[in-house]
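Protein chains: 2
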Amino acid sequence: MDEYGPILLMLVTLIVLARLASGVFSRFGVPGLIGEIVIGIVIANLAIGDWSFLGMLGVEMGGAPSQGYEIVKLFAELGVIFLLFAVGLETKVKDLLSVGKAALLVATLGVLVPLMAGIALILAYDGNMNHALFLGAALVATSVGITARVIKDMKLIDTKEAKIIIGAAVIDDVLGMMVLAIVVGMTASGGVSVSHIAMISAEALVFVVAVLAAALWVVPRLYRYFEERDKNRIAGGGRPHPGVNKLVLAIAVCLGFSFFADMIGLAAIIGAFLGGMLLAEYAWEWKLDEKIESITTLFISFFFLNVGMQVDLGSLTSASALILAAVVILLAVATKYVGCNMGARLGDRSLSKGSRNIIGFGMVPRGEVGIIIAAIGLASGVMTSELYGVVILMAVVTTIIAPPLLARAFRKEYPPEYSLTQDDLI
Amino acid sequence: MDEYGPILLMLVTLIVLARLASGVFSRFGVPGLIGEIVIGIVIANLAIGDWSFLGMLGVEMGGAPSQGYEIVKLFAELGVIFLLFAVGLETKVKDLLSVGKAALLVATLGVLVPLMAGIALILAYDGNMNHALFLGAALVATSVGITARVIKDMKLIDTKEAKIIIGAAVIDDVLGMMVLAIVVGMTASGGVSVSHIAMISAEALVFVVAVLAAALWVVPRLYRYFEERDKNRIAGGGRPHPGVNKLVLAIAVCLGFSFFADMIGLAAIIGAFLGGMLLAEYAWEWKLDEKIESITTLFISFFFLNVGMQVDLGSLTSASALILAAVVILLAVATKYVGCNMGARLGDRSLSKGSRNIIGFGMVPRGEVGIIIAAIGLASGVMTSELYGVVILMAVVTTIIAPPLLARAFRKEYPPEYSLTQDDLI
Chain F
1 MDEYGPILLM LVTLIVLARL ASGVFSRFGV PGLIGEIVIG IVIANLAIGD
51 WSFLGMLGVE MGGAPSQGYE IVKLFAELGV IFLLFAVGLE TKVKDLLSVG
101 KAALLVATLG VLVPLMAGIA LILAYDGNMN HALFLGAALV ATSVGITARV
151 IKDMKLIDTK EAKIIIGAAV IDDVLGMMVL AIVVGMTASG GVSVSHIAMI
201 SAEALVFVVA VLAAALWVVP RLYRYFEERD KNRIAGGGRP HPGVNKLVLA
251 IAVCLGFSFF ADMIGLAAII GAFLGGMLLA EYAWEWKLDE KIESITTLFI
301 SFFFLNVGMQ VDLGSLTSAS ALILAAVVIL LAVATKYVGC NMGARLGDRS
351 LSKGSRNIIG FGMVPRGEVG IIIAAIGLAS GVMTSELYGV VILMAVVTTI
401 IAPPLLARAF RKEYPPEYSL TQDDLI
Chain E
427 MDEYGPILLM LVTLIVLARL ASGVFSRFGV PGLIGEIVIG IVIANLAIGD
477 WSFLGMLGVE MGGAPSQGYE IVKLFAELGV IFLLFAVGLE TKVKDLLSVG
527 KAALLVATLG VLVPLMAGIA LILAYDGNMN HALFLGAALV ATSVGITARV
577 IKDMKLIDTK EAKIIIGAAV IDDVLGMMVL AIVVGMTASG GVSVSHIAMI
627 SAEALVFVVA VLAAALWVVP RLYRYFEERD KNRIAGGGRP HPGVNKLVLA
677 IAVCLGFSFF ADMIGLAAII GAFLGGMLLA EYAWEWKLDE KIESITTLFI
727 SFFFLNVGMQ VDLGSLTSAS ALILAAVVIL LAVATKYVGC NMGARLGDRS
777 LSKGSRNIIG FGMVPRGEVG IIIAAIGLAS GVMTSELYGV VILMAVVTTI
827 IAPPLLARAF RKEYPPEYSL TQDDLI
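As they're listed, the protein sequences go chains F and E. Here the numbering used here is used: the first residue of the first sequence is 1, the next is one more, and so on. Here the numbering used here is used: the first residue of the second sequence is 427, the next is one more, and so on.
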């Protein structure tokens, strides 16, 4: 009677497969989200002759945009938005500012080292400056979604290392946006509009600073004002104001800030994180963490599935592409790790080698941000499809290898009682 | 950087507008969902010259399917699916079976009286038997989503009247499906395939009975088996099995049962309700009610918005269509109320007049089910577009007028301490 049968089948099949894979992987001590990415690769590439598994589910990825895949991508986006919102809810501004210097240096060196190395590599490979600039920009991006899930699953958001990583990811995104603007300017017109870049950078900085200030001074005052008003009403014999549903308020802040960040050129997830931080002081009182977690649970598997689904195994057949991909992946891991490690050392002398290890690995995943940059390059005709395939693979592989390295580094610093509880992972 | 900016803007705008309208209406003592429907009507019809509010949000409803409206409809569907799943979670099979006879009679008379009256009316109006059959079928449907929200908001799921309404809605859907099959058979081939109707009716009955049986006998045994196994492991010095995330299990059951119900021709929401009932015994222990409520909160406003958005005020200009619509609406309310009231009287002599009032009004909303039937008729060329518009209006108006009548009837039987808490409504 209804047009939603096929969509419901697709949703339930993908959720069940993702969670089963997550359960199997975490049984073997590997973070469950890797299982979700791997199942994404498998189902996107599982085809026998004319038959394909995704086609059976109504998810056609190539060619015309299909409704099924549009829904998967939307749910993936909402999943990572609500995940970062939840991380924001557990991050108080004061704590974040206390690691400000370290986060700033981690982000800056974590941007400069991969950018330079990426440009140098591609200049040596094919001598094309435009290719070099885009690959460099794609290496800059850090996708904090994966790291955030590992940190949340291990219940380690309160650690100093987690706060540095998250703070650095916000700054990294602002820097990455500036790099992308510069690269687009240089490749499109052959020149850079300094005023344009100054504009968008200023917008992003004002947004971030305004949210921090609002979280520190405006939101607590609003909260006290409404509390006082209700107290006075009750004292006057009246009923307290019914008020708004706190979950609806949180959803509106989460989606609204995500939209706004996207509009001014930041990643939507950075807006979601900042929106969460705005409400962090009241998250516990309003039970927002539990409630947002329920919503995240519905969506988040689609994010990791979709990371895997980006991998087109069929496109990776030429030997030179495979070798280039291997080199780019090594470079992506090494330069981010080294840059962030150095930044952490300069920024906070008290950090142990183990802590710098955590921070280095935590910044490695490129995830969807690297893919978006490569897609911009491909769409504007600057990237070759071979380089695009290499960037996709780099983004997916860094996303897959970072969580086990990060989890192990965390376990070394925060042993037994902090260890991964399997129950949280499936 | 991202393609989701416009979608995020659309989602947050619609959620905020819906909740504001809900808050304003409930301040004046009208159930908040009416505000959400009204705001749906307003924004779908708000256009000045070339400018339209929905167009600004990227929601184009007519002509080519737009991505924006597809997402609104999908969220609407998921909202009502999770709402009915939540109602199922609060409905134990034993309680439902205890009102079985009354529910059966309420459903049967609530189907027969509107069907006969609808056929008679249209035969008198234009003498076309095909038109008459489809309008009759559209009058049969009961959409329990609206009633369910009123009952949930008033925290009255535990009342006998609520159980009769919900049980009757399940039976009504099975009967309605049989009526639709008969009507489609009669209008398409001029004859009815008895074996075809017997087949789909048998499928639906087997499904419903199988779920009831599974809830009574299979699920408790599975639960005890896993509990025993964990006990034995702990007694043997091992760790309990990590188990699955209960919310993921619930989501899978909810979407899976919705799909299955849809596949065999029932409404997806009936499957969601039955799936919820399967887990009702463990909903409290697993905190499923709170968790599903968070998910429902994200989606449900889209359901009521979309009910309103179906109304095209521009199509209702001819006087004869308006008069016909008024007559059909009166008939829809009166016949459902009278049929269900009679059924309740015959089915359970102990029901007071007030209780029968509640049951009669609770079955009145036609909601999306009536619209789906009309759409089938329109697509198969049997309905005229005028009659289609009349059915849409009937579905929306019955959905709008039932909640206040139902809330008032409930308040008469269950006064003060049960009264609507505004906090739940916005």
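Among the hints, a few may not be true.
Unchecked claim - Label-pair distances were calculated between CB atoms; the ranges are:
1) Leu-648(E) x Ala-319(F): 50 to 56 angstroms
2) Thr-384(F) x Lys-713(E): 30 to 36 angstroms
3) Leu-313(F) x Lys-713(E): 38 to 44 angstroms
4) Asp-50(F) x Ala-745(E): 52 to 58 angstroms
5) Pro-646(E) x Ala-319(F): 55 to 61 angstroms
Stated by the list, open to error - Restricting the straight-line Cα-Cα distance to at most 30 angstroms, the calculated cross-link-like pairs of lysine-lysine (BS3-like) are:
6) Lys-287(F) x Lys-838(E)
7) Lys-672(E) x Lys-779(E)
8) Lys-92(F) x Lys-152(F)
9) Lys-672(E) x Lys-246(F)
10) Lys-713(E) x Lys-152(F)
11) Lys-152(F) x Lys-101(F)
12) Lys-92(F) x Lys-287(F)
13) Lys-287(F) x Lys-779(E)
14) Lys-838(E) x Lys-499(E)
15) Lys-231(F) x Lys-92(F)
16) Lys-657(E) x Lys-499(E)
17) Lys-779(E) x Lys-581(E)
18) Lys-499(E) x Lys-672(E)
19) Lys-838(E) x Lys-518(E)
20) Lys-246(F) x Lys-779(E)
21) Lys-499(E) x Lys-155(F)
22) Lys-581(E) x Lys-73(F)
23) Lys-657(E) x Lys-578(E)
24) Lys-657(E) x Lys-838(E)
25) Lys-581(E) x Lys-657(E)
26) Lys-353(F) x Lys-94(F)
27) Lys-657(E) x Lys-155(F)
28) Lys-231(F) x Lys-101(F)
29) Lys-672(E) x Lys-527(E)
30) Lys-246(F) x Lys-94(F)
31) Lys-231(F) x Lys-581(E)
32) Lys-520(E) x Lys-152(F)
33) Lys-499(E) x Lys-246(F)
34) Lys-160(F) x Lys-779(E)
35) Lys-287(F) x Lys-581(E)
36) Lys-527(E) x Lys-287(F)
37) Lys-246(F) x Lys-520(E)
38) Lys-520(E) x Lys-578(E)
39) Lys-246(F) x Lys-581(E)
40) Lys-73(F) x Lys-527(E)
Everything labelled a hint here was simulated from the structure, so no lab data went into it. Yeah, the Cβ is synthetic: ideal placement off N, Cα and C, and Gly gets one too.
Structure-based check of each hint:
no.	hint	result
1	Leu-648(E) x Ala-319(F): 50 to 56 angstroms	holds (52 angstroms)
2	Thr-384(F) x Lys-713(E): 30 to 36 angstroms	violated (52 angstroms)
3	Leu-313(F) x Lys-713(E): 38 to 44 angstroms	holds (41 angstroms)
4	Asp-50(F) x Ala-745(E): 52 to 58 angstroms	holds (57 angstroms)
5	Pro-646(E) x Ala-319(F): 55 to 61 angstroms	holds (59 angstroms)
6	Lys-287(F) x Lys-838(E)	violated (34 angstroms)
7	Lys-672(E) x Lys-779(E)	violated (42 angstroms)
8	Lys-92(F) x Lys-152(F)	holds (15 angstroms)
9	Lys-672(E) x Lys-246(F)	holds (24 angstroms)
10	Lys-713(E) x Lys-152(F)	holds (21 angstroms)
11	Lys-152(F) x Lys-101(F)	holds (24 angstroms)
12	Lys-92(F) x Lys-287(F)	holds (16 angstroms)
13	Lys-287(F) x Lys-779(E)	violated (42 angstroms)
14	Lys-838(E) x Lys-499(E)	violated (36 angstroms)
15	Lys-231(F) x Lys-92(F)	holds (27 angstroms)
16	Lys-657(E) x Lys-499(E)	violated (46 angstroms)
17	Lys-779(E) x Lys-581(E)	holds (21 angstroms)
18	Lys-499(E) x Lys-672(E)	holds (27 angstroms)
19	Lys-838(E) x Lys-518(E)	holds (26 angstroms)
20	Lys-246(F) x Lys-779(E)	violated (39 angstroms)
21	Lys-499(E) x Lys-155(F)	violated (36 angstroms)
22	Lys-581(E) x Lys-73(F)	violated (36 angstroms)
23	Lys-657(E) x Lys-578(E)	violated (37 angstroms)
24	Lys-657(E) x Lys-838(E)	violated (49 angstroms)
25	Lys-581(E) x Lys-657(E)	violated (36 angstroms)
26	Lys-353(F) x Lys-94(F)	holds (25 angstroms)
27	Lys-657(E) x Lys-155(F)	holds (27 angstroms)
28	Lys-231(F) x Lys-101(F)	violated (41 angstroms)
29	Lys-672(E) x Lys-527(E)	violated (34 angstroms)
30	Lys-246(F) x Lys-94(F)	holds (23 angstroms)
31	Lys-231(F) x Lys-581(E)	holds (27 angstroms)
32	Lys-520(E) x Lys-152(F)	violated (40 angstroms)
33	Lys-499(E) x Lys-246(F)	holds (25 angstroms)
34	Lys-160(F) x Lys-779(E)	violated (66 angstroms)
35	Lys-287(F) x Lys-581(E)	holds (21 angstroms)
36	Lys-527(E) x Lys-287(F)	violated (42 angstroms)
37	Lys-246(F) x Lys-520(E)	violated (35 angstroms)
38	Lys-520(E) x Lys-578(E)	holds (20 angstroms)
39	Lys-246(F) x Lys-581(E)	holds (19 angstroms)
40	Lys-73(F) x Lys-527(E)	violated (47 angstroms)
In summary, the numbered hints that this structure violates are 2, 6, 7, 13, 14, 16, 20, 21, 22, 23, 24, 25, 28, 29, 32, 34, 36, 37, 40.
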